[in-house]
Every structure is written in structure tokens, then in C-alpha cells.
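Here is what each chain is made of, one letter per residue.
2 protein chains.
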Amino acid sequence: MKFTSYVLDVLTDSVFPARIAIADGVFKEIMPIQVSGDDELDVEGLLLPGFIDSHIHIESTMLTPGQFAKIAVRHGTTSVVCDPHEIANVCGLDGIEFMIENASQVPFNFYFTAPSCVPATSFETSGAVLDSDDIEYLLQKDEIVALGEMMNFPGVINGDEEVIKKLELARQYKKPIDGHAPLLSGKELDKYLEQYIVTDHECSNFDEAIEKKQKGMKIMVRDGSSAKNMEGLFDFSQRIEHLKNQDSFGIMPREVLERRIHSPIFDFIVSDDKHPNDLIKGHLNKSVKKAAELGVDIIKAIEMVTINPAAHYGLDAGSVTTGAKADFIIIDNLVDFNVLKTYVGGECVFDGENVLFDVPEIEAENSIDATEKTAQDFEIRFDGDECEVNVIECFNGELLTNKVSATLEVKEGIIQPDTSGDILKIAVVERYGKNHVANAFIKGFGLKKGAIASSVAHDSHNIIVVGCSADMMARAVNKIIENKGGFSIVGPELDESLPLPIAGLMSNEDAFEVARKLDVLHNMSGELGCMLDSPFMTMAFMALLVIPFLKLSDLGLFDGDAFEFIDVVGN
Amino acid sequence: MKFTSYVLDVLTDSVFPARIAIADGVFKEIMPIQVSGDDELDVEGLLLPGFIDSHIHIESTMLTPGQFAKIAVRHGTTSVVCDPHEIANVCGLDGIEFMIENASQVPFNFYFTAPSCVPATSFETSGAVLDSDDIEYLLQKDEIVALGEMMNFPGVINGDEEVIKKLELARQYKKPIDGHAPLLSGKELDKYLEQYIVTDHECSNFDEAIEKKQKGMKIMVRDGSSAKNMEGLFDFSQRIEHLKNQDSFGIMPREVLERRIHSPIFDFIVSDDKHPNDLIKGHLNKSVKKAAELGVDIIKAIEMVTINPAAHYGLDAGSVTTGAKADFIIIDNLVDFNVLKTYVGGECVFDGENVLFDVPEIEAENSIDATEKTAQDFEIRFDGDECEVNVIECFNGELLTNKVSATLEVKEGIIQPDTSGDILKIAVVERYGKNHVANAFIKGFGLKKGAIASSVAHDSHNIIVVGCSADMMARAVNKIIENKGGFSIVGPELDESLPLPIAGLMSNEDAFEVARKLDVLHNMSGELGCMLDSPFMTMAFMALLVIPFLKLSDLGLFDGDAFEFIDVVGN
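Chains as they are written, first to last, in our numbering: chain D, 461 to 1031; chain Y, 461 to 1031.
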């Protein structure tokens, strides 16, 4: 294939017209050409390297790798570094190998990291444990380019033997280590960094990012569905404030200072978690455009999703250069930033209208090992007329919860929720064959009737359910069991679900269909009185014990502050 | 050690005041502090990471690693990536191990590359051959951080088996490969780059550097004693010209374009070859200051000698950050750029006046295996009255020569030089025990009497001599043999030398003493009529066969164009 195009070259920070030749999937020639002032080049647009998302959990899109690729190429993404942390918690090594195998069947570059923290804690039942031997097995694979995000920062700081061994293995296999250290700073951060943990995607404010950057970390600016950190980290008023000190020394020429402001000092833009209804609207293309609108030099923003991640992880991607894999996109211009075409390995995979490859259907094994539930499974018994209980208080769009208390009525020995006071029931149903159920109370969902349930519940992905009655909860959970996983919503005259039969995390359908069904569920939850924007997402984090303050695992109510179980009854 | 200083942080591209704590040779804390507008901080100056020269041949300084370190720290250099190519040609692996051992005895960071091209050609006698087994032995060493500059680009392009094996070994040991490909472009460059050769320090013009950069190479901008490429590569009129195309597409906002101009797109500043009389005046400190004067953003220039090389070669150096080795300097300000103090591993090694470490004296083994010469060794016999000869024409400061011809008188069967016409005699004396001598004629030195000789003669470092008579040449060469190597100059009433007893390349003395003696020799050469600025340097390249057009090895006169030997007599 030979054609002429303007090229945005991230290696020389420039745009030029060039003759391009591609064969055997690689760029054979990028030959800059001279255009005289009056000539109009007959070209489609501007050629850029395909975008790289250097930190994403594919499972959060609820799509298989194949279906993810199909929607991602519409937005100009051609590579991802993904951490199969979710499926690893459910299916262990088999799950990771399924992801690698499925990914290999589509024209898209999937690179993987070895999930470093499976399970997330010892206070829950997960589907698998990945020990340092498993990590070594994974690190030997070519598809694995790094050790996945080391979330267990207390383990690192306290020198937990198994944690340290995993980190040492990554260094031994010369693979970089991804970090995850929200708000870690000072001496504790120093200790964390002694283990050569290089990246962080958890920075939520400028000062945090600056400290980590000064200590040598590479900063991933996150623009996901849950966490949106671009506004905070690309805040140029803070950047200017930060640079002001330089003036006091009087040695930095002012024009150097001013140029510097628009050059971001952070390294990558990533999505981390991207939900299907966001993903159908855009991916890194949207993030780059937004970064430019926030004041970032657009070429620098593009470098954050091309050459920067490619150089860090050693990927054959991210630049348009002779000998490199011909992964590229054509956009209309740097302001509107519309993706006109996407190519992977020299083949057109998106022609502006259609995606030009098929995704194989998957025969999903059932990962849900749970018996049918009854209302009794969701009852908390108490001897008395009323009872004081500890309640999880959740907030729209937040992972953090509060611990509050409430006084509830007891009828026939069973503690009753208080729908009018928004004290609902929540339960986590073990789904790996042990069949126990942990019950508690939650405030913030606002459901007036019915229940919602999900097999997506970080990080162990047991079944989680919130509802107004034990009966409705049993119905919602049984729907999940019947569907081999997914989301369900039930009400007096209502029964709808989004099956996620692959590990209880992913659908076989495409992004548009999954997003459509999710919208239906969201609308129904509103009809039932729910006040949250994304009730299934919020619910999915109510079992994530590592984020305080009060959470629920299949083993009971967990105080993230004291890092121990507490009773539902009492205060 | 604890103190307060302004810090130039190359990781966040900024300057700020900070409290600094150092212990066990590393930065324990860099704590930014707030300074109110009126306060004057009581600090010495601005703290920067120590500079890294990412490509230098220490032997060219004529100093041992220890003595090199002693002068380099005065200029703020604390690390070098050095290619022991010269001593490897003389002494093979033993020479490299001597360098590593000597380097380890001073507080300075020496990193080495494995010399990839020893000998340079098969048309000369070298002291050693490094085959792929030797390279593998070297690549296993921690001190060796890369495969040294691959000068044999025809070998790479034509797939020479031994060359390809060395390149494969570097990849196998995950060590980067340095390049050396002057003016290579187009398909040949593509072929060269297929072997993952990453750096190039030979770019002499902007277009050459841009092509290499676009093809993925990292560009080392050279500011050495012989080759000075900064003016060419930091030529902002060319940069603007190069960026102008972007305007024609009308999509690059003008202010983005304008900011971009001062940001160099090249990667490192290196010295490659630095002679002692230059080195006493400055090193990278001078280069950075000059780059800024040429219009480069000063922080970007500093990054080219700190974080950029550190990241590329994976060195624990190049940034002022918690946990990093405390190699740093204090300068007065970013305009005058005077180095006030230098620290290596937290220890002060230069206090602004004195260097605070000693360098061990070396007992040099004699590397010159040559018998005393007589005038007869330097005579070319011819049967006739006059004779047409091929003459090497050299030029001040150039490595390239011309092939010219001259008609010379023959007396008593011996061809006579023509001192008035500046056709002098040149000879290369084998010094590895074979004791043969190759004689020819040279134009350009301008000597009216006497002779100069040297055991520094790239790349095999046989003894090279230029003179007005066979008698003088024998005297000059015998002085070299007596001194175990070095430079010598003889005249009717004149006899001076600079001994370089270590491999015939390096002195035991310090930079100031070597520079002083070299100045004496230069002045004397002027007294003898020599017109060249650096006659010993120019002479040292007359045996470097790979640079055309006419050169002389110990095996005879060599036509670099035809790549074959030719006769001295005839045309």
C-alpha cells in the first residue's frame, strides 16, 4: 500500500506531508515530500500513530477482549496494556490465559500485566490465589509486559515476604512494575519506591502527582468512567503556582517559564476503568481532545498515548516510522479530532463507518458455583422489638463509604429495613461453592421497592445485592445464578437482566448492545426510586474492602479503618 | 548531611527551594519548602544532577580514567558512558579490564560499552581482535551497559555473520546498541536500523539528524574537540524551516509551533573525543551553556546530559530524587553556569578550588613491541631521476583527505620529499612485534624541518610519523619507542616528547600537566613550520582507513574509495 498523507511525527514533534509505503504489516517508507505554497495536497487527513491505553482493566468494559477491540478501533485505539486483575480473582491463571487467547484472535495489540494482588485481601473468598510461583509463570510469557498494579502498599512497606518476592521476580525478568498508591506520600511513599515501582495512576490532585513525579514515578493521568483526574492534574493555575518559585530565584528566563506551562510534566493518559456506555462515545481520542481543551500542547497529549507508553513498556507501537508495525489512524484535524480510519498492522480495521473484522463467539463455562437462594438467606435475626445496627453509607460516584448507625424495627425476630429512611438491605453471596451469605444494611441507594444484584463486585466478584426485601433480593440473586453472572433488577412487576456469562464479568455481545441493556437497567433502577447515577458501579465497590470506611465481604461487615470485621448489630 | 538549596528538578521541569537530606550516599529527602516573597534564602546556589557524558572515548583525553575523573568533576561531570575502543585495539580484553579496574578506584561513575569493531578493518595490524565470544564475555559484566558504536555499517547492511552475531548478543543480554553511521540514509539506513541500533553521534547536519530521528534513532549531539555538531543540529532557522510545513496544513496552532522551536528534538549532548587542552577548560558544562546560547531551552539542554542518558542506559544517575545516588552539583546560576561544587555518592569531590580525591599511580606495562629504527627504514627506493607519486593531502581539522599526485626528485635511488612544495614523508611503523614499516608522502603539514611522531593513530594505534627526512623520522619514532608511547617532536636543535606509557595512549599525569606538555609540542611544531592547529590529532587520523580518500596503514597506502591498497609510486 502506498499513499500520501500529512503525518504527525511524535519522534520529531512535527507535522509534514509524506509518501508512505506499507508492506508485510510494517512501514517500509515515510518519505517527507516538498509541497509548494499554492499546492493543495490531495490527502484524506492527518496520519497519527494508533493510540495506546497503558492501563485498563478490560473486564470493566463488560466486553470480551475481541468485542473491546471492535469498539476501541472506532476511537483510534490500537493497543492496550491491560491488567486482567478481575478475571484473575475469579478464574486465576485460566482466566488470564483465556484473555490472552481471546485477544489473539483479533487484529489489535493486547499487552498484559501479571496481576500482583489476587486476592485483594484475606478477608474475603476469591475464586483464585496467585502466588509468586504463578507470577513467575506469567512473567515468562512474551504477552506479559509488566507486573500489574501493586495495590498492596502496606505489604510493600512492611516487607511482606510474598509481596517482595513478586516484586523481585519482576526485576529479575526485567519487566517494569506498575504502582497503585492513592495519596501515599512522604516516608511511606519513599519506602514503596525502594521496590522500583515506577508508575502510578491513582493521583487525584496536583500536589500528589508532583511529589510522585519528583520521586521518579511516571504519572498516568486517569480519564476513566469512575475516576476522572485530568482536570486536577492538568490544572494550569496550579502549574503556574508551582513554577512561580522559580521566579523568586530570578534565574529562570521568563519566556522559558511561559513555554513550559503548556508542556505537561506527566507521562501517560489512561482510562483504568471504562464502562460500555462511556466507551461507545469515545476512548483516548476524547481524552486527548479534552487535554488540549484544558491547555495541554496537543502534540504532548498525543505523545502521552503513543510514544510515551510504547517506550516505557517496550512496545512495537506508538510511532510512525520505518520498520515499525503499521498501526495508525487518520484523523480530520487536530481541533475536531475525529477518527476517520484505523489501521492495525497495515490492515484497515475501521473505515469510518464499519469495523472490518469479526469477533468469535465464546462458549462460556459457568463460573458461578452457587445454589438457588431463598428469602431466608437474606434475613438477619434479632431477639427484641428494635435494634441498633451499623450501616454502610454510600455516595453517588464515590468509592469511599461512611459508617453510620440506625435503629431498625424487628418483626417476628427479623430485623426490618427502613425503606422510607433509605436503610436498605445489602448482602454478599459467596459464589465459589461455599454458599454462605453475609448480610448488612446500606444507606444511599434510595430504592423504594425491588432489588438489584450483580456478579461484578470488586475484587473477589462474589454476588452482591441491594434490596428492599429479602424476597426481592433472593429473586435478583437467583436471576444472576441462572444467567451465569451479570446484572439483574427485580421489582413487583419488573424483571430485567444483563447476562455476563464470561466469568460473571463479561458479555458475549458487542459494546452497543451491552450499553443499551445497561441503559435499560439504569432507567429501571430510577423507576424503582434509586438516586444513584450508576447503581451497579457503586454497588460493585461496596465489597472492595481496601477502600474505607465500611464495606461488606462474603465473610461479614468490614471496618476498613480498623481493618477488622465488626458486627452488624450494635455500634 | 542536611542543607537547603534551590533544586533544578529535571523530572518536573522546575526549580524550587528544598530541604535536602543525604545519607549512605543517596538522597534521603528532597522536601520542597515555601519561601515568602521577601525572604532571601541563604543558599549557595542551584543544585543540579551531576552531568553524564553518554559517549566518550576516555583514551582520547590521554588521561587514565582516574585522572579523567579528576578533571571532569571540576566541570560538574559525575558519570560517563565510555567506549574503550582505543585501548581494546591495542590490548584487547586486558585493556578493557584495566580501564574498568582503574575506573573503580575513584569516586566517579564510569559505565562502559563493549567495543564492537576491533579491529576497525582487516587492512592493518592491530594489537587485538574482539570476536563475538569476547563480546559475549563483556556483555555479561555489570559495568558494560551497551554494545559500543557499530562503525562497521557495511558489515551490518551486508549481514556479515560475526557482526550480526555481536548485535544479536546485545539484544539477548538486553543491552542497547550504540550506532555510528555518518551520512547513512535512505534504504541503507533502514537496513542498518533493522538491527535495533538505537543511537547515533555522527550527525553533522540537521537533515541527517531529522531523518535518523524520524526513523527512531536517539540523536547524540556532539560537542567534541574534533567534531563540533551543535551549531548544525541546534540551528533554529532550519528547525523553523522544518516546522513551516505544518503551517501549510493549517492545523497546528501558531503558538504551539512557536513554543516548539526552542525544545530540541534531539536526545543527548556528548563529547565523543575531548583533548586534554580542551578538557581543562570545560566539559558538558560548557556545552550546555553553549546550547542555551544557541537558543535551546536551558532545562532541555540539561536534560540531554542528565535524565535522558540515564533513562536510556538505565543508570542510577541523572536526577535529584529520593532514593537516587546523591550525585549532584551546585552551580551559581543558569546564565553564568559556573560549577561551584561537585558531589558523587553524597561526598564532595570538588569544593570549588580543589579536587578532593587522589588517583593511584599506574605501573605501565610496555605495549610497544618495536625495534629501534634507522633512516633506512623510512626510505622509498626508485630507479630513475624523478618519479610520480600518490600523495595524501590533508586539511586542518578534517578527517577526510584527498588523493593528489606529485613529481619528486630521486637521489641515489631514494625518492626525496619536497619540503618547499610541502610534500613530506609519512610512515606507519607496526608496533605489535612484526616490525614492518609502510612509507608514503603527505601534503598539508607544512613542516620545514624535523619530524613529529605518535603512537596514537586510529584505530590500530601503530606508530605514525611525518617528517622532512628519513633521519629525523627515525629519531622521532625511536623517542616514542623509548617512552613506551606518546608524542614526539624532533628538529635539528630540538627534541621534546609527551610520554603516553599506558597502552601508548594515556599518560600517568594529570590533565593540566598533559595539556601543558601538549601545548609545548604544538608550539614547537609551529616553530618547525607546521601550519596545522593540532598536528598530532590530524596525524592520528591519517591511518584511519574507513574515512576516505587516501590513508596509510602499516600494510601500505590505502585508497578508501576503492577500498584497496595502491602503490606509492605511479598514479
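Derived by calculation from the structure, the hints in this document are not laboratory data. Treat each hint with caution, since some may be false.
[Said to hold, decoys possible] Each computed PhoX-like pair below joins lysine-lysine, with the alpha-carbon atoms no more than 25 Å apart:
| id | chain 1 | residue 1 | chain 2 | residue 2 |
| --- | --- | --- | --- | --- |
| 1 | D | K651 | Y | K625 |
| 2 | D | K634 | Y | K625 |
| 3 | Y | K651 | D | K462 |
| 4 | Y | K647 | D | K462 |
| 5 | D | K647 | Y | K462 |
### Query
Failing hints, ascending?
Failing hint: just 1.
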